[in-house]
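Visitor: Listed below, chain by chain, are the residues.
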Amino acid sequence: MISPEPRVPALEMRGIAKKFGATLALDGVDFSLMAGEVHALLGENGAGKSTLMKILSGALRPDSGEMRLDGRTYHPVDPRVGRRDGISMIYQELTLAPHLTVEENIALGRETHRRGFLRRREVRRRIRETLDFLHHPEIDLDAPVRSLGLGARQIVEISRAIMDRARILVMDEPTSSLTREDMDRLFQVIRKLRSEGVGVVYISHFLEEVQAVADRFTVLRDGRNAGGGALGGTTLDGIIQLMVGRKMEELFPRTSRTRGEVVLEVEGLKGARMTAPVSFVLHRGEILGFAGLVGSGRTETLRTLFGLDPQVEGSVVLAGSSPPSGKPWARIAAGAGLLSEDRQGEGLALTRSLTDNVTLSRFRPYLRHGLLSIRKRRQAAADLIEQLKIKAGSPDQAVLGLSGGNQQKVALARLLHQDAGVLLLDEPTRGIDVASKAQIYEWMDRLTAAGKGLLFVSSYFPELLGVCDRIGVFFRGRLCVVRPVGEWTEERLMAAATTGKA
Amino acid sequence: MKRPTRLQSLINLMAPFLGLLLVIVIFSAMPEVQSRFLRLANLKAVATQSVIVALGALGMTVVVISGGIDLSAASNIAFSSVIAAAAVNAGLPPVTAVLLGILLGGLIGLINGALVTRLKLVPFIITLGMMGIARGLAKWVAHNQKIDAPLTWINELMAKSPHPPWLLLAPGVWLMIILAVVVAVVLRRTVFGRHVFAIGSNEATARLCGVRTDRTKILIYALAGLFCGLAGVMEFSRLTVGDPTVAVGLELDIIAAVVIGGGSLSGGEGSILGSMIGVFIMSLLRNGCTMMGWPNYIQEIIIGVIIVAAVALDRIRHRRAA
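Going down the list, the sequences are from chains A and B.
Under this note's numbering, the first sequence has 1179 at position 314, and the numbering climbs by one with no breaks.
Under this note's numbering, the second sequence has 483 at position 287, and the numbering climbs by one with no breaks.
No lab work stands behind these hints: they were computed from the structure.
Fair warning: this is a prediction, and the values are worked out from it, not measured in the lab.
Careful, some of the hints might be misleading.
Covered stretches of chain B (chain A as the covering partner; in silico rule of three or more C-beta atoms under 8 Å from a C-beta of chain A) [what the hints assert, rightly or not]:
(1) 223–231
(2) 380–386
(3) 390–396
If you want the ones that stay clear, here's a sample from chain B, every Cβ over 10 Å from chain A, calculated [what the hints assert, rightly or not]:
(4) I220
(5) V291
(6) F320
(7) H339
(8) W349
(9) S357
(10) L371
(11) V377
(12) A400
(13) T401
(14) A402
(15) T436
(16) I494
(17) G500
If you anchor each label on the Cβ, the simulated ranges turn out as follows [as the list claims (entries may be wrong)]:
(18) B/R511 / A/G1014: 53 to 59 Å
(19) B/R511 / A/F998: 39 to 45 Å
(20) B/R511 / A/R926: 58 to 64 Å
(21) B/E228 / A/L889: 43 to 49 Å
(22) B/R511 / A/K1241: 58 to 64 Å
(23) A/K1241 / B/G287: 50 to 56 Å
(24) B/I494 / A/T938: 52 to 58 Å
Just so you know, even glycine gets a beta-carbon here, dropped at the ideal spot from N, CA and C.
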């Protein structure tokens, strides 16, 4: 078939719509991809990116809309059709078998054989060619995958896709757990693929890297196209504005706060997993930020403070008295609440309902003659769901099915429900969408204005500068310096976090 | 992803009953047993036969929901039955014998819980060890033989025709029903119950939320032990002797009942209603097969199939709901 246009897109999706029950996940989305192009697909969690990609792969079927591959109608009924037509997905969680070798992983499911006996030589030759092509000849075919770093594993996964003759490669948050170095190597691979005419759909939250690697972008918001174009002509702030629907400065609200009396006094506190004693004070009505590199002792300090790690020495005075026991239940009784950095592993009981998760740390209001009122507990959870704008079907739904941002809001709702006077927030906005972040900042501001004391651990300097009143920097287990936020800049924070001097 | 309609939630609620209904319908349709199977006398007998497994399953459900397991349940039942028999034999009042059986069963559970929390070993290992220890203790106390005890009112607890007759069911059956309701309410409506679910779903979260996880777990195993103690007393009541070799392998029947009833061995899920239905599915099957004159091995195969099928169906149902 001869096409009238000079260049037919490798992929064209038009007016794609998809409904889940009553919610419209996609509402007439358009998306196109040229051969030899890296196209960034942006948007908050829940904006519809993964639904769109699942439709592309054939894992979901659209309610309406059409798709064309190289101008030909394309209607995948399941992911195998998509794969056969050259569409490969590389997910956040890699799909390699850790105990098998590189060769076994790549060959898995596509072993060439003669009368049932593997023809390894042929396969090995092709894998070597592919790895050479990707400029990674150093990867050992006989190494078990679990011995490889995350970056190398990703290369293995990409090799597998290329050996499937993928023409369209969808990468979902490929860098979220990569080191800087691995990231650069991945970008080289992506550029190489582009030069060979492979179209890459690149999904990421990290806009800086999107700018580094992509040619064009499309932003989805609430299941619709919010904007897009060539990356060259757009600023980061412009993209964020498209994603959130508001300006960057509006992310960090700051109502008038009045600093009250000291609510938490920590003197020479040292926990089993802390390398040095730490001292500081926290007032009512202020946010004290803890900056520092990962592993600099911030999380350990919070955990010791809350009784999750045993305290070895030092003293903690919470709301004027020292808690009777070092265990979490005693710290909760004294008015502290912790939001864990490990949302899925520790922060939430994923298989339990929102109601259970929100109310778990405080049952007393629902007790009568030793029995809990189911109705009141559910109502309390429903109220918090509404206040925090948590997107959930009902308070009885398991937390498991919520998006990351909504899960984190459930964890925050628990602290609100608990009415904690001192909130220990450990990376509360990590890995969640911008809109949820904005809401969490807003609540942090509101709680501070209401006279709570907040400890805020974050590795993202702009948000520390945006929400804190004072910021302390950790360096190798020590809290080096605490200063009012006005005396910090991103550069100074970075300098202090990497040298310990400020 | 769909919002559950009222019909769907009704189906979810009724799902455990469907298996039970299926078993009843199948046997009622068999011409060989049709006339006898659904008769009151037969159902009464089935209920009485279910008491021991059901009591064990009450405690086991709580343990399984908390993410644990109690392999020592059956040995504990044998141990408690021997203790009760020995106490009666020694001339102690029956009330004392009953209490001794229950409390020593509870003590075994308490030790399980203490070891699980102190040694930080998985419950499977601790209770596997206790399975041997309790069985050995039972044989030791009984000098490796049956203890013949004089008949007392204890033996009427499990009588086929209760005294007085207006009770309709044996006192043990009533006790089982009452305790099932109590434990169901405790699980759903008390702080302890919600803590059990939280620990089973994610122990780290429970700790973070101020749940005293160690204390709660000790309580859970002690509770399971108390139920085994009571089941042991019922065993003694039924057999009229204390037999240290009784109930071998019964812990697996108990666990199977919990699992058929929707309990998840990875914790956080399960219900008393489900477990009780699991118990009755198994005893009705046994009863029906026996009436049909089918050999024992057929029953074993059928029950094996039921366990796998019930859990598989349950998972499918959950996947739909998620």
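Visitor: Hint by hint, say whether it matches the structure.
Guide: Results for each hint:
Proximity of the region 223–231 of chain B to chain A, defined as three or more residues with a beta carbon under 8 Å from a beta carbon of that chain, is not established by the 0 residues found. Against chain A, the region 380–386 of chain B contributes 4 residues with a C-beta closer than 8 Å to a partner C-beta. That satisfies the three-residue criterion, and the hint holds. Evaluation of the coverage hint for the region 390–396 of chain B: fulfilled, as 3 residues show C-beta separations to chain A shorter than 8 Å, against a requirement of three. At roughly 31 Å, the least C-beta separation between B/I220 and chain A is larger than 10 Å, which holds for a residue marked as non-interface.
For B/V291, the condition that its CB be more than 10 Å from all CB atoms of chain A holds, with the nearest at approximately 27 Å. The claim that B/F320 is not at the interface with chain A holds, since no C-beta of that chain comes within 10 Å of its own (minimum 21 Å). With a least CB separation of 44 Å from chain A, B/H339 remains clear of the 10 Å interface cut-off, as annotated. With a cut of 10 Å on Cβ distances, B/W349 stays outside the contact zone with chain A, its closest approach being about 32 Å.
The claim that B/S357 lies off the interface holds: its Cβ sits roughly 37 Å from the closest Cβ of chain A, which is beyond the 10 Å cut-off. Separation of B/L371 from chain A is adequate, the least Cβ-Cβ distance of about 22 Å exceeding the 10 Å criterion. Here B/V377 stays apart from chain A, with its beta-carbon at least about 13 Å from theirs, past the 10 Å limit. Its closest Cβ contact with chain A, about 4 Å, brings B/A400 to no more than 10 Å, contrary to its assignment away from the interface.
Distance check for B/T401 against chain A: the nearest CB is about 5 Å away, which does not clear 10 Å, and the non-interface claim fails. With a minimum CB-CB distance of about 7 Å to chain A, B/A402 fails to clear the 10 Å threshold, and the non-interface call is violated. With a cut of 10 Å on Cβ distances, B/T436 stays outside the contact zone with chain A, its closest approach being about 38 Å. For B/I494, the condition that its CB be more than 10 Å from all CB atoms of chain A holds, with the nearest at approximately 37 Å.
Non-interface call for B/G500 relative to chain A: holds, since the shortest CB-CB distance, roughly 27 Å, exceeds 10 Å. With their beta carbons about 35 Å apart, B/R511 and A/G1014 fall outside the hinted range of 53 to 59 Å. Between B/R511 and A/F998 the beta carbon distance is about 43 Å. The supplied range of 39 to 45 Å therefore holds. In this structure the hint that B/R511 and A/R926 lie 58 to 64 Å apart at CB is violated, the actual value being about 24 Å.
At roughly 58 Å, the beta-carbon separation of B/E228 and A/L889 lies outside the given 43 to 49 Å, and the hint is violated. As the Cβ distance of B/R511 to A/K1241 is approximately 33 Å, the hint placing it in 58 to 64 Å is violated. With their beta carbons about 53 Å apart, A/K1241 and B/G287 fall inside the hinted range of 50 to 56 Å. In this structure the supplied range 52 to 58 Å holds for B/I494 paired with A/T938, their Cβ-Cβ distance being about 56 Å.
Against the hints set out earlier in the document, violations occur for numbers 1, 12, 13, 14, 18, 20, 21 and 22.
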